[in-house]
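There are 2 protein chains.
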Amino acid sequence: MNTTNNSIGIVTVKTAQICTAEDPLLLDSGEQLGPIDIAYETYGTLNADKSNVILINHALTGDAHAAGYYSDTDEKPGWWDTMIGPGKAFDTNKYYLICSNVIGGCKGSTGPMSINPKTSKPWGLTFPIVTIRDMVHAQKKLLDHLGITRLLAVAGGSMGGMQVLQWAVSYPETVRLIIAIATTSTLSTQNIAFNLVGRQAIFTDPNFKNGEYYNNAIPEHGLAVARMIGHITYLSEKGMRDKFGRRLQTAQDYTFNFGQEFEIESYLQYQGKRFSERFDANSYFYVTKAMDYFDLAHETGSLETTFAQVKSNALIISFTSDWLFSPEQSKDIVRALIYNKIPVSYCNIYSPYGHDAFLLEAEQISRLISGALYNTFRDIPNQEAD
Amino acid sequence: MNTTNNSIGIVTVKTAQICTAEDPLLLDSGEQLGPIDIAYETYGTLNADKSNVILINHALTGDAHAAGYYSDTDEKPGWWDTMIGPGKAFDTNKYYLICSNVIGGCKGSTGPMSINPKTSKPWGLTFPIVTIRDMVHAQKKLLDHLGITRLLAVAGGSMGGMQVLQWAVSYPETVRLIIAIATTSTLSTQNIAFNLVGRQAIFTDPNFKNGEYYNNAIPEHGLAVARMIGHITYLSEKGMRDKFGRRLQTAQDYTFNFGQEFEIESYLQYQGKRFSERFDANSYFYVTKAMDYFDLAHETGSLETTFAQVKSNALIISFTSDWLFSPEQSKDIVRALIYNKIPVSYCNIYSPYGHDAFLLEAEQISRLISGALYNTFRDIPNQEAD
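These protein sequence lines map, in sequence, to chains A and B. First residue of the first sequence: 678, per the numbering used here; consecutive thereafter. First residue of the second sequence: 678, per the numbering used here; consecutive thereafter.
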């Protein structure tokens, strides 16, 4: 544990049952899901009028552990620890933060690893398909469970940003400020293509067995390949070149075999292996598919029409070298918000880190976020602050 | 067969043994390879002084069949039929064209599918690693075999373009004009990363069995995934969006299952399946690895130094939306040629087709190539034309 950087220290993950079998969640697919557990963490202190609540949404492979450490021996803090803590962008001295694991995930919330009460076996690929909107509906039920009716802000990057946008559309009265980073209002053709290939790589692994592997060896190799594909899309071409170039891992010169030879090869294989040890292959299917379906213009025909109901202020951030969810995709969001006269701040941050910049450019993002939060919090009318 | 577009009609593939077991090819790895067969095709007629010979180099998954049809019932002609034929860019009324399959390939030239004479079994992954330079050395031996000492031009796109550049470096006295399209002088970090992931996807397939699958089921699924990854890199993001968007394959609306739902998904899976039926997985290992090793600055420390020995004129072509081998990579080639006072023409062609543009933008490429060939052919001194 390294608490020199204003870490919030030790945190614990909690679990709430937000739906029962008798009172299930109606999913976009038409299926009903219940019971549903949601794993979540909170940081900071809820104020008296509950006006300081910020919901943090994680990305594809993230979880509820956004900040702090689980124990003194943890080497790494939560995934957005640089952003969350006393004096940080999401200042736990002022704000009360909630971060929850998505449904369909594998880090404590109900997903394909969970037991299907009807069969007493893990759901696997019989788990119903969930959408980004389903994830948001489940989060709303978590807030209901916690007795929270309004959000100062909803924030997140990548898939977390999709949930942010969905919040503004689905619950316009609830959210004062949306902070959507390195995200998109709709998965592009190329995004869908990369997700497909990741799933197909998992499907190729003989251990996958169509998702029924929980009592056997996991499809670690296929999942690692999926992660490697994803990882390439998270880095910019230039970022990769600057970091790894064509450097060789150990040998002085080419070894003329198929082993890990270039540094980039061993880096990706290491990342893939590590990921396959911590993430569930079936969840990878569900969460990528939820992203594929994400298209805020799907039902209305245009993003402008969908955003007509938005009442939140907006802070939209993209990164110059992000080619997974490009600045152009963020600008589409900004244009549609402006069309609807939504107060929106937009910044396209110069960064060589590609999509990963939403995790790495904490300093630049922090300035934008702390300002936007400050203004939004300050502007809450007195009657609501009572 | 569709011969309305000035096709050269029926062609046949020939095979030449260019090395024997007793007189093998010394490879860059230090290994010796022999016997070596090379599959090749020729189009047009060799002129009296053998001054009209053009060597065509194929890309990663191409072969010696660059133009024409094998039979009246063939649906598709060779891979560059739009460019090769009477009156076309590579005008078979004037020039004599040779296209050969690379060593390490699977379309008639010696590669991992071939029988290792020492074991009487297919080489599989015991086949020695080959480099782009090894491929070019083998081609040179094919020319020796055919009694051809000078080349009017060497041309090719993508990996074919790498061989083109290698020709200019390895055999400067032989080549009058190099035509390198949508290529690079060195594989970038991202290029290496994508190649690794393709090989890892094949490796994940239980049928791959470390390359020893020739008497059993082939690793078609892993090979298909590798092809899908490749295919994404061959198209531009915009090109994909324009062609497929988020259109659904058959259903009117989302089906909420993991089947082929979006058009891009069924397109990629179809392309993957078709590819796995026609290409050898082990060859995919060898040819991608040959590309990984390609770095013309590796031995000298700089491309400028390597190109000091070049004596050919050069035509370099890139495409605006090619992100696999980007215009910037072509410009690096152009700058290093100019540094060495090589006469070079460079054109960055506007195209939405990404890397595939070298196969699709025939009309635009043709104008550049026919002009460059005309000038080079015209300038051959009389003493050589005797």
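Be aware that a few hints might be false.
Stated by the list, open to error - Here are the simulated DSSO-like pairs of lysine-lysine, each with C-alpha atoms no more than 27 angstroms apart in a straight line: (1) K915(B) to K915(A); (2) K818(A) to K691(A); (3) K795(B) to K915(A); (4) K886(A) to K886(B); (5) K886(B) to K950(A); (6) K795(B) to K886(B); (7) K1008(B) to K920(A); (8) K920(A) to K950(A).
FYI, nobody ran anything at the bench for these hints, they're computed from the structure.
Hint by hint, here is what the structure shows:
Using a Cα cut-off of 27 angstroms, the hinted pair K915(B) and K915(A) holds, with the two alpha carbons roughly 20 angstroms apart. At most 27 angstroms may separate the alpha-carbon atoms for a hinted pair to count; K818(A) and K691(A) meet this at roughly 15 angstroms. Of the supplied pair hints, the one linking K795(B) and K915(A) is violated, its CA atoms being roughly 46 angstroms apart against a limit of 27 angstroms. Distance restraint check for K886(A) and K886(B): the Cα-Cα separation of roughly 18 angstroms lies within the 27 angstroms cut-off, and the hinted pair is therefore satisfied.
Note on K886(B) and K950(A): the hinted pairing holds, with a Cα-Cα distance of about 20 angstroms set against a maximum of 27 angstroms. As the CA atoms of K795(B) and K886(B) are separated by approximately 21 angstroms, the hinted pair is consistent with the 27 angstroms bound. For the given pair, K1008(B) sits about 22 angstroms from K920(A) by alpha-carbon distance, which is consistent with the 27 angstroms threshold. Under the criterion of a C-alpha separation no larger than 27 angstroms, the hint pairing K920(A) with K950(A) is consistent with the structure, at around 20 angstroms.
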